[in-house]
Amino acid sequence: MKIAIPSEGQMLESPVCRSFGRTLYFIVVDTDTDKFQVIDNKAAAEQGGAGIKAAQTIADSGAQAVVVFHCGQNAADVLKAADIQLWKAVPGTIAENIEKFRKGELGRLGEIHPGFHGGQ
Amino acid sequence: MQIAVLSGKGGTGKTFVSVNLAVTAGKSVYIDCDVEEPNGYLFLHPTLQNQQTVDVTVPEFDEGRCIGCRSCLKFCRFNALVFVKGKPKVFPELCHSCGGCSLICPAGAIRETKRTVGRIETGQSGTVTVITGILNQGEASGVPVIRQLLCKTPNAENVIVDCPPGSSCTVMESIKNADYCLFVAEPTLFGLENLKLVAKLADVFHKPHGIVINKDMGKENPLDQYLSEHEIPVLTRIPYDMALAKLNAKGKIAVKRESYQSIFLQLYNQIRSTGGIE
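Here the protein sequences line up with chains G and S, keeping their order. All residue numbers for the first sequence refer to numbering that gives the first Met the number 0, where the first residue is 0 and numbers rise by one. All residue numbers for the second sequence refer to numbering that gives the first Met the number 0, where the first residue is 0 and numbers rise by one.
Bear in mind the hints are in silico, worked out from the structure with no lab data behind them. The structure displayed is predicted, hence computed values, not measured ones. Glycine included, C-beta positions come from ideal geometry on N, C-alpha and C. Mixed in with the good hints there might be a few duds.
Quick list of in silico lysine-lysine cross-link-like pairs, DSBU-like style, CA-CA up to 30 Å [as the list claims (entries may be wrong)]:
1) S:Lys73 x G:Lys1
2) G:Lys34 x G:Lys102
3) S:Lys73 x G:Lys79
4) S:Lys86 x G:Lys1
5) G:Lys34 x S:Lys251
Cβ pair distances, simulated, as ranges [said to hold, decoys possible]:
6) G:Pro113 x S:Gln50: 27 to 33 Å
7) S:Asn49 x G:Lys41: 24 to 30 Å
8) G:Gln84 x S:His44: 50 to 56 Å
9) G:Gln9 x S:Leu41: 53 to 59 Å
Next up, chain G with everything else stripped away, as it sits in the complex:
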């Protein structure tokens, strides 16, 4: 199963990024093969709709689950349409979160915030 996590860096030892839409990188880990791939988040500097564009990137990566701290409504709508599960991240590295995911220690992301949209 492929799991995508917003990451502050390009390694499995990097901390999980607090933001989904504006993270610099996504790390996509294949739990079957332990291989991982780093994806630049092209939405990071967008004026608006960053969450939507980032979710498109995740959908295109083939990931079936996302582990995040927060997720906005628009991004959640895209991920839902793509049948991608949302799991709640815990503070720590990408590797630690993957490990907890494997052990079934992560919970589902229950709360979807309305989004942090700036001025018009």
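Following the hints, position chain S against chain G.
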């Protein structure tokens, strides 16, 4: 003459100044461009004469025709389109109605449909024609409502445009056709920082401008130095006055009391002279 009343922040007294100026001007048109929370009608109590909707266009996909090329996604600067599970999806509230996606689609799979985002109410209050823009709740941008409000402005002698707070797109849209920008600011440090934003905006648009200092305490205030350095004329100072605050809080028009008429008459005449219109 079209006078736009603006301020960098909310609560400085834009509506207070606008409605009193409109009544002072006699035969006039008051346009409420603060479409997220229009409140001029609370003072003017117009009798409703006309109501129209504000519609924008948004793309609608013919999924059968979509070939999944994603040309529309690449074109959209606002990320209003996605393509998942082999299907296109639209986020209408992010769409800026440019129509580009439907033009660029090589398969002819996109057509433009209408979406209502707000309405415009026109009414009469004595000598003042009151035009109110109302944005539907949950909508992201008031610009389409303001655009429609101002494109239909009757060519009257006195048009008062009550702008939204701030200095972003909605304010730019509101002052675009104005002959004069009237700033309303409070004599505080916060008021000064917000004033700077709208003063810069009026400069960018090359609009003649002046300021009303509201809630003036009669002392030296943080605005003075900036105003003299930037040669912004102070048209009037409205005193910090409990009786005036009470009238306003009750939704009363202050200039209907004789004691407040001279302030607004002086302001009105000042604008007409500094605005170059006699």
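Now the hints, each set against the structure:
Under the criterion of a C-alpha separation no larger than 30 Å, the hint pairing Lys73 of chain S with Lys1 of chain G is consistent with the structure, at around 26 Å. Between Lys34 of chain G and Lys102 of chain G the CA atoms are separated by roughly 18 Å; this keeps the pair inside 30 Å, and the hint holds. Under the criterion of a C-alpha separation no larger than 30 Å, the hint pairing Lys73 of chain S with Lys79 of chain G is consistent with the structure, at around 22 Å. A threshold of 30 Å between alpha carbons decides the hint, and for Lys86 of chain S with Lys1 of chain G the separation of about 21 Å falls inside it, so the pair holds.
A C-alpha spacing of about 70 Å is found between Lys34 of chain G and Lys251 of chain S, which places the hinted pair above 30 Å, so the restraint is violated. Separation of Pro113 of chain G from Gln50 of chain S is about 30 Å and conforms to the stated range, judged on CB atoms against 27 to 33 Å. The beta-carbon spacing between Asn49 of chain S and Lys41 of chain G, approximately 47 Å, falls outside the hinted interval of 24 to 30 Å. With their beta carbons about 54 Å apart, Gln84 of chain G and His44 of chain S fall inside the hinted range of 50 to 56 Å.
Range check, Gln9 of chain G to Leu41 of chain S: Cβ separation about 56 Å, and the 53 to 59 Å hint holds.
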